[in-house]
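Colleague: Chains as they are written, first to last, in this note's numbering: chain P, 1 to 522; chain W, 1 to 522.
Read the hints as simulated data drawn from the structure, not as lab findings.
Glycine included, C-beta positions come from ideal geometry on N, C-alpha and C.
Be aware that one or more of the hints could be misleading.
Here are some chain W residues the structure puts well away from chain P; computed CB gaps all over 10 Å [stated by the list, open to error]:
| no. | residue |
| --- | --- |
| 1 | V78 |
| 2 | G123 |
| 3 | P172 |
| 4 | I219 |
| 5 | E452 |
| 6 | G495 |
Label-pair ranges, simulated between beta-carbon atoms [as the list claims (entries may be wrong)]:
| no. | chain 1 | residue 1 | chain 2 | residue 2 | range |
| --- | --- | --- | --- | --- | --- |
| 7 | W | A245 | P | D161 | 28 to 38 Å |
| 8 | W | A469 | P | P60 | 24 to 34 Å |
| 9 | W | Q448 | P | A493 | 20 to 30 Å |
| 10 | W | L211 | P | N471 | 21 to 31 Å |
| 11 | W | E452 | P | A16 | 48 to 58 Å |
| 12 | W | T228 | P | P127 | 38 to 48 Å |
| 13 | P | G474 | W | A469 | 26 to 36 Å |
| 14 | P | D74 | W | N471 | 26 to 36 Å |
2 protein chains.
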Amino acid sequence: MHDQYHDRIRHPMLRARITSAAAAAALIDNGMTIGMSGFTRAGDAKAVPLALAERARRDPLQITLMTGASLGGDVDKVLTQAGVLARRLPFQSDPTLRAAINRGEVMFIDQHLSETVELLRSGQIAPVDIAIIEAVAITDSGAIIPTTSVGNSASFALLADKVIVEINLAQPLALEGLHDIFIPQHRPHRAPIPLMTASDRIGTTAIMIPLEKIAAIVITEKTDSSSTVLAADDDTAAIAAHLVAFFEREVALGRLTERLMPLQAGIGTIANAVMSGFIDSPFRHLTMYSEVLQDSTFDLFDAGKLDFASGSSITLSAARGEQVFGDFGRYKDRLVLRPQEVSNHPEVVRRLGIIAINTALEADIYGNVNSTHVGGTHMMNGIGGSGDFARNAYLAVFATKSLAKDGKISSIVPMVSHVDHNEHDVDVIVTEVGLADLRGLAPRERAQAIIENCVAAPFRQMLRDYVAAANRRGGHTPHVLEQALSWHVRYGATGSMLPDTDTEPSPTRQAMSISEGKVRMS
Amino acid sequence: MHDQYHDRIRHPMLRARITSAAAAAALIDNGMTIGMSGFTRAGDAKAVPLALAERARRDPLQITLMTGASLGGDVDKVLTQAGVLARRLPFQSDPTLRAAINRGEVMFIDQHLSETVELLRSGQIAPVDIAIIEAVAITDSGAIIPTTSVGNSASFALLADKVIVEINLAQPLALEGLHDIFIPQHRPHRAPIPLMTASDRIGTTAIMIPLEKIAAIVITEKTDSSSTVLAADDDTAAIAAHLVAFFEREVALGRLTERLMPLQAGIGTIANAVMSGFIDSPFRHLTMYSEVLQDSTFDLFDAGKLDFASGSSITLSAARGEQVFGDFGRYKDRLVLRPQEVSNHPEVVRRLGIIAINTALEADIYGNVNSTHVGGTHMMNGIGGSGDFARNAYLAVFATKSLAKDGKISSIVPMVSHVDHNEHDVDVIVTEVGLADLRGLAPRERAQAIIENCVAAPFRQMLRDYVAAANRRGGHTPHVLEQALSWHVRYGATGSMLPDTDTEPSPTRQAMSISEGKVRMS
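Start from the sequences, fold in the hints, and give me the full structure.
Modeller: Structure, rendered in structure tokens:
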């Protein structure tokens with residue numbers, strides 16, 4: 001009966017394992033750890049998790065869920081509402097799950113995206129019982145061909161006891177050959193990762209696991225959720241222009257060539273706009289060595305600016321997705337998708353000399369960056385790959401609009417309320433106001449560069465006054481400690497970081513407020 | 001006249017370049033950038049910098065000084081007092097220089113120790129005009145054989161316009177052959193660093209530079225400054241015992257073998273005590289892949305516990321130094337010294353799977369660590385290599401005594417006043433009270449593990465109360481933002497983090513106080 005899937009399930013024996021999503025979900029026991037495909041809404045398992053939620057409504061159970069990064073299709077929302085998630089790692093971007101995390105109901109472990117499978121491989125976190133992997137096909141040796149993301153799928157499948165495969169007929173077979181599956185060896189006897197340019201292929205095009213580990217196959221045909229990136233606006237265009245001008249100066253100084261260095265860009269509206277800014281730049285023969293490839297990647301291909309793009313997923317707007325996957329041959333030989341352990345690996349990032357462009361939720365006058373915690377306490381999405389890239393990059397850029405909430409929040413504050421990237425790892429801060437080049441500067445110099453170049457007018461004098469008072473106290477990194485977080489406290493109490501506002505107090509506003517549009521969400 | 005140095009200066013032409021320290025110092029112009037040997041008081045240039053200070057007292061000048069890490073022999077003190085230092089990077093540990101930094105008089109750029117020469121190589125910070133390198137000898141091709149440290153010496157010498165060599169007759173010729181000089185290629189065309197075990201040799205035993213770059217040679221015979229590490233006490237012994245018990249459990253669980261993984265230990269009393277704790281442990285055939293090799297390294301060799309040690313310097317107590325360098329053949333084939341770019345390289349640290357043990361100045365209930373800033377503002381020494389190791393380690397341990405200042409300071413606080421290592425990079429916190437294993441835990445769980453295992457009794461209930469109040473506000477990482485730094489503020493005002501103290505207020509005490517003995521100072 002299943003012979004119609006011979007191109008998708010190439011070993012006849014495996015076709016007998018086709019079953020319903022409900023039957024596959026029944027393999028999952030209470031307390032298990034599940035490793036699921038999915039990275040930035042791309043290539044996620046779409047049927048079995050929903051069947052699991054359905055089952056949990058009748059027969060409550062809880063699991064630890066690991067993925068690559070964020071999921072689409074409301075999967076995290078539905079699983080949260082069904083009470084299925086006891087623990088979740090290493091990233092998420094779902095409003096319902098986020099709220100449950102912030103109520104302390106779901107234990108969320110926010111990890112550098114390159115590290116999750118490293119911890120699994122060395123037995124330092126609970127092992128994966130079952131992997132659920134979306135695939136375009138299974139080869140006749142049982143190897144799994146992923147779809148629009150690799151994420152952690154390969155290591156989940158290799159390390160799990162059992163594997164459930166979702167064959168997604170809506171994902172084109174043309175994706176076969178796109179992937180490069182390379183798994184680092186166990187430590188301490190590991191060889192170098194033999195990757196020396198963004199376009200190198202060092203692995204296999206499918207995930208090689210023993211045939212007998214495939215416990216169930218489910219057929220689906222739901223497309224990936226589209227990107228939620230917003231269109232560029234005046235602010236994001238200004239940020240892009242400041243960065244292009246900065247790189248032009250670097251080229252003029254002989255530090256960079258017109259090829260720049262391999263580019264990484266976080267997901268989201270600002271990073272996408274910055275990448276689009278390269279379309280009208282003088283730079284050529286660019287390459288990307290990034291996590292997620294967004295619309296801007298294909299805009300750069302179409303503009304003849306980009307030679308090659310390496311990522312761990314492709315996440316596009318609906319219209320761009322139709323065009324790209326409808327004519328995939330046009331791009332395929334200039335693309336590769338890798339495990340996130342490789343796309344984000346410190347070894348490779350440092351070796352290639354990546355220019356890393358990520359989004360800050362807020363930054364402080366010394367260049368410390370908060371990427372994750374609204375008001376210092378409430379999780380937005382997670383650190384994602386920003387730490388993998390920023391720490392090891394040739395140049396680490398953090399971009400943010402200078403204001404949020406109609407100007408009531410300054411994204412540049414005296415002291416960030418949570419630190420994801422400290423001053424050692426932040427080379428450039430750019431807002432629509434301007435760009436601060438922090439390389440080789442001491443903290444007191446960094447403060448001046450950031451305040452004079454990046455801060456919106458209403459807050460600039462306030463920060464100058466803060467620095468003057470702090471300098472009177474002394475120190476390498478001067479602060480008035482009892483006022484360092486006062487802007488956040490004031491916002492929580494009054495709804496504005498500006499003093500003497502007559503806005504009504506709202507104790508919960510602090511945690512709910514900073515606009516989501518500016519946050520990276522890979 | 002200089003023929004007596006034929007074993008130290010092997011090319012006859014070079015012997016003609018022997019000159020006085022004052023004449024060598026005269027090569028340095030106002031505004032220059034000088035790259036000097038020296039890492040953890042070992043192998044530092046000893047004569048020319050003092051001659052430079054002497055000259056500056058008559059004829060003021062200012063320079064940017066880069067080194068490997070800290071210097072001995074009061075060099076930083078003397079240079080500071082002579083007003084020579086405009087900028088200093090990437091590390092220091094001198095009280096006089098530290099005070100000048102904290103007054104804002106010397107611009108200090110606190111860097112990950114693996115990164116300084118990467119920035120130099122790519123032209124992202126000002127180039128080195130003159131390198132001053134201590135050597136045991138210069139080969140007949142003009143290659144420089146370093147002494148007790150490599151640090152950044154090789155890249156400084158390669159990148160500088162001119163090189164001044166200090167031939168130190170007090171450093172034994174037996175050091176020749178100890179070093180392994182490997183320089184990563186320029187990016188983006190860089191090959192992997194071909195180092196796969198701590199004992200691999202991948203470079204040359206001397207720094208290969210063109211003969212003609214050696215502008216002056218100065219003969220010295222002053223020994224390295226001795227280590228300032230204190231003897232183990234009950235607290236450091238308890239910390240070591242908790243860690244040994246932890247590793248015994250990891251072995252019992254099958255995660256580690258009796259060889260553990262290659263060990264890195266920060267410099268200082270606590271790290272030295274922890275390493276000494278392995279002498280009476282069941283572990284065998286240990287290796288070190290670290291920055292600085294201290295007395296404990298040689299104690300472990302003598303106890304038959306350690307097979308090999310790789311570092312960037314050897315810094316010993318006076319007595320241990322006499323013994324080791326007096327009988328160096330006994331240890332030499334089990335030792336290698338590398339450039340700090342290699343000893344600390346993220347690529348190698350991640351590949352080998354290092355167990356990294358570093359010292360915290362303070363940690364917070366969520367596992368964020370402050371390694372550098374007393375009271376959040378005043379620089380102690382610098383981040384050193386702790387970030388290179390902790391971010392990329394197999395396991396990142398941070399150790400601290402739970403109390404400082406006779407119990408008036410808790411080293412575990414609600415929120416650290418400065419973040420050098422965030423919760424993503426901190427796997428284990430250990431104090432004399434106990435050990436918190438944070439792997440795989442969400443922030444609320446981390447808080448409980450740290451409070452119940454690591455905090456001294458007087459502060460434990462205070463932190464429980466803080467967490468209870470914070471949890472009522474909600475969030476992934478709950479805080480009462482207006483109280484998060486109140487312990488530090490109270491200490492600044494009253495001289496104690498404990499409430500209701502009748503100690504006299506002292507606004508400057510906060511910045512002066514936390515005992516230096518507990519701080520890493522590599």
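Colleague: Against chain P, does I219 of chain W keep a CB gap of more than 10 Å to every residue?
Modeller: Nearest chain P Cβ is 34 Å from I219 of chain W, so the label holds.
Colleague: Could one say that the CB atoms of L211 of chain W and N471 of chain P fall in the range 21 to 31 Å?
Modeller: violated (49 Å)
Colleague: Using the C-beta atoms of T228 of chain W and P127 of chain P, is the stated range 38 to 48 Å upheld?
Modeller: holds (45 Å)
Colleague: For G474 of chain P and A469 of chain W, compare the CB-CB distance with the range 26 to 36 Å and indicate the outcome.
Modeller: With Cβ atoms ~32 Å apart, the hint holds.
Colleague: Between the beta carbons of A245 of chain W and D161 of chain P, is the distance compatible with 28 to 38 Å?
Modeller: holds (31 Å)
Colleague: Given the hint of 26 to 36 Å, is the C-beta distance from D74 of chain P to N471 of chain W inside that range or not?
Modeller: The hinted range 26 to 36 Å holds for D74 of chain P and N471 of chain W, with Cβ atoms some 28 Å apart.
Colleague: Report holds if the minimum CB distance from V78 of chain W to chain P is greater than 10 Å, and violated otherwise.
Modeller: At about 21 Å from chain P, V78 of chain W clears the 10 Å cut-off, so the statement holds.
Colleague: Decide, holds or violated, for the assertion that all CB atoms of chain P are farther than 10 Å from the CB of P172 of chain W.
Modeller: The assertion about P172 of chain W holds, with a minimum of 32 Å to chain P.
Colleague: Beyond 10 Å from chain P, beta-carbon-wise, is G495 of chain W?
Modeller: Correct as stated: the minimum Cβ-Cβ distance to chain P is 15 Å, above 10 Å.
Colleague: Quick check on a hinted range of 48 to 58 Å for E452 of chain W and A16 of chain P, using CB atoms only.
Modeller: holds (52 Å)
Colleague: Just want to verify: G123 of chain W was marked as not at the interface with chain P; is every Cβ pair farther apart than 10 Å?
Modeller: violated (5 Å)
Colleague: Quick check on a hinted range of 24 to 34 Å for A469 of chain W and P60 of chain P, using CB atoms only.
Modeller: holds (32 Å)
Violated hints for the displayed structure, listed by number in ascending order: 2 and 10.
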